[in-house]
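Engineer: Each chain, letter by letter, is given below.
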Amino acid sequence: MKRPLLFALLLLQLLALMLQRAAPTTAASDVQITFETNPPLDQVRPFGGPSTEVVPVQVILSVRDAQGALVPNAQLDFKMIAPQPNLFISTDVPRVEGVTLLDAHFVTATGQQTFTYIMPIRGAYQLTISASPTVAGAFNPTTKTLDWTVNEKEASLLNAGVFLLALFAFGAYSGYLLTRSHLAARAAGSVNQVSGSGSTLLLVVLGVIIAGWIAFLVFAEVADAAATDEALTSAQLSDTASASSGNAKFEFTVQSPSALTPSQPASFIGKLTDANGAPILNAQYEMSVAIVEDGESETVFATTTDSVNGTFNWTYAFWDGIEHTVKIVASPATGSATQFAPVTFEHQVPVVALAPPMRAKVLGTLYLMLVVGAGVFVGVFIARQRKYAGD
Amino acid sequence: MTTPNTNVNATRAVNRAQNFTLSLTAQISLLLFTAMLIIWTALFSSYPAVHDAVHALRHALYLISCH
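In order, the protein sequences belong to chains A and B. Anchor point for the first sequence: position 164 equals 164 in my numbering, and the numbering is continuous, going up by one each time. The number in my numbering is simply the position in the second sequence, starting from 1, with 391 added.
Here chain B stands alone, though its shape is the one from the complex (with noise of 0.2 angstroms):
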């Protein structure tokens, strides 16, 4: 059985995840890692597949190490 003050309690932490979710530095938070994982997915990472399919592009951006 809940009570009052646990009702509220669970309200206010809804609230304060939606305010979170909603602020512009989540969001871009949330932008720049989602970026960060892309850049390291397509350039850097050692899963074959990947590397084989940009293996090219990798060599041929100066900034980017390969093998």
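If we strip away everything but chain A, and leave its shape as in the complex, we get (with noise of 0.2 angstroms):
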């Protein structure tokens, strides 16, 4: 009698034993993920060039449980991918549409991680968010995607409405005139007489002119894609440097498939090793890259991080086609077991700009004529308007 007691003593445990594994009374909590920015998502304004006062938005991630609060110790994967190209109209950079601008690794001991970027340009953001553990099993991991859309600067749009106005009220005054000018020497029988044999020597001078202008404008865009070419050959497709402080030294690399350009995101790696060369794991970075254009610095990208085993490998996009600095500092992180002091590193990583797409010159050029075309056409009937009613 004992045996078959002993057999569902152990048929009982074994049960249990499925059971718990089922359900475990540890189960890993689920987290979410909040995006948050400073300014408020609505109010971020993208970069217009040196001259508009555009400052960083500052991009607030964070890990909370179900009531809300910060779940300690994460990696939050930030992607993003600039707004797609448009077929019928581009950004004032359309070198960088479609392009993935950031994918960065950060470690955060709080639940929190911030860092502030400048958005390049208008349109809608790709985002996608994963946040994992550092410690094994504190949570389940997840992933959040979205899109961000930033409007254009307020002042872009007035300032392209009044330009239109002012190309339109070019063409209509200029339309008027002309068949004003027009009608009033037909009226008068004089046509030939205008301007005799003088107008068509002015049609060859202009003609001259014109033919010179053309060549020219032909001679600039050659002589820009030769010089282009010339600096997507010579540039670096890796460049590493380094700094020391003490016995920790901070290795820096940029690296890409082809020459850092507006369209071509760089690999973005750091490592810090002790004398031996051995990994320093541990580490925290404040990172920030700047543009220097007409010689002021402005900050692009800034952010301060951990790093659990003292190394990153972010993908970065240097968006303007400028030469940008870059400046590191790497120390211990909070309970490092190695102490060191900071180890400061700035590097400088020539950008080299591109010309715009030929499709966007010409669709610009194309949108303007229309304008201006439509002006000359409301000119030319206010003008026969005006004579027929014999004003």
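Read the hints as simulated data drawn from the structure, not as lab findings. Small disclaimer: the values here were computed from a predicted structure and weren't measured. Keep in mind that the hints are not guaranteed to be accurate.
As the list claims (entries may be wrong) - In silico contact screen, one side only, chain B against chain A (beta carbon under 7 angstroms); selected entries:
id : residue
1  : Ala-408
2  : Thr-412
3  : Gln-418
4  : Ser-420
5  : Met-427
6  : Ile-430
7  : Trp-431
8  : Ala-440
Unchecked claim - Facing chain B, according to a computed beta carbon distance under 8 angstroms, are these residues of chain A, among others:
id : residue
9  : Leu-87
10 : Ser-90
11 : Arg-95
12 : Ser-174
13 : Gly-175
14 : His-182
15 : Glu-221
16 : Ile-328
17 : Lys-361
18 : Thr-365
19 : Met-369
20 : Gly-373
21 : Ala-374
Don't be surprised by glycine CBs; every beta carbon is placed ideally from N, CA and C.
Make one complex out of these two single chains by using the hints.
Structural biologist: In structure tokens:
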């Protein structure tokens, strides 16, 4: 009788073990990712050249539990893709459209990560944010995807409206004047005597000027294309530099499959080693990227993040075709076993500028000429109406 | 030595050129073409001197592509 009892007990234990595996009492909890910005999302505006006063937006990523409390010790992977190209209208930096701007892997002890960034263009950015625990099993990894629409600056829209109105007015006034003088000359029956042979001479002179002008524009386009080709050919595809402090050495590498341009994201790699070349774990990196234009430096990206293994390997797109300054300060993370004096690193990264695609230039010219043409049409119409009305 | 026929043809050609130059269609075409050249040069040309002079304006006009 004892043997069946023992067998039953073993069976019960096995069943209990199976049930425990199916629904563990210490199950990892679900978390949620929150994405906020300062200023708020709808008030963020894109970069618009050196004359505009656009401050970097502060992005705040948080990992929170069901009660809304921050979940500590998390890795946050943040990927941001620039707005996709539009076939009919491009932004002011068309080369960056559709490009992966940032693919960063932050580690945060508090559960909240911030960074500042200047959005290069208007449109809908595609964001993918993933959260996973740095301590295995602390919570269930999760991913959030969203589109973030950045609206154009109000000043740009206003400027464009005024500019288009001015083009229309120019066309209308020119069309009106030409038509009025033409109709007046015809009414006087003196079309052929107005300028005599001088008109032909004028036509020839204008033809020569326009031909020279076109030749100059073609020359400028060809020269620019040649200069860009030369810059692309001579540009380094991998650039490594380092800095040291005491026994700690920080090494930074920027590399890409082709020359760095606004449309070619780069690998953004850093590692920290000791005097023997062994990796230093648990480091904190304070990093910033600034563009240098007209002698002024403007920070376009900045953050502070931890690294469990002492390295980082991110994707970063230098979206402006000018020189960038990368500054990184490496120091021990809170509670790190290895202590060292902070290593400060600064490096210049040249980025080859690219002219806009010919499609964007031709379309832009076409749209503006349509406005001028519409103005001319209206001007001609008004002149004819006034003439026939006996004005 | 020119023949009378040649002179007549030349005169006709000159007259035609004058009529074309003074026609409204030709003048408006010339106006539009010149406007197009100015717009391209100022807002879309890659020539460094022009680009640098109007760089901020290009970025501030919504429709204009810069770099």
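Engineer: Next step is simple, just say for each hint if it's right about the structure.
Structural biologist: Going through the hints against the structure:
1. Ala-408: 5 angstroms, holds
2. Thr-412: Hint on B:Thr-412: holds, closest Cβ of chain A at ~4 angstroms, below 7 angstroms.
3. Gln-418: 5 angstroms, holds
4. Ser-420: 10 angstroms, violated
5. Met-427: 5 angstroms, holds
6. Ile-430: 5 angstroms, holds
7. Trp-431: 5 angstroms, holds
8. Ala-440: Since the shortest Cβ distance to chain A is 9 angstroms, the answer is violated.
9. Leu-87: 14 angstroms, violated
10. Ser-90: 5 angstroms, holds
11. Arg-95: This hint holds: A:Arg-95 lies near chain B, its Cβ roughly 7 angstroms from the closest one there, short of 8 angstroms.
12. Ser-174: 5 angstroms, holds
13. Gly-175: 7 angstroms, holds
14. His-182: 5 angstroms, holds
15. Glu-221: 6 angstroms, holds
16. Ile-328: 27 angstroms, violated
17. Lys-361: Result: holds, 4 angstroms to nearest chain B Cβ.
18. Thr-365: 5 angstroms, holds
19. Met-369: Hint on A:Met-369: holds, closest Cβ of chain B at ~5 angstroms, below 8 angstroms.
20. Gly-373: A:Gly-373 check passes; min Cβ-Cβ to chain B is 6 angstroms, inside 8 angstroms.
21. Ala-374: 11 angstroms, violated
When each numbered hint is compared with the structure, violations occur for hints 4, 8, 9, 16 and 21.
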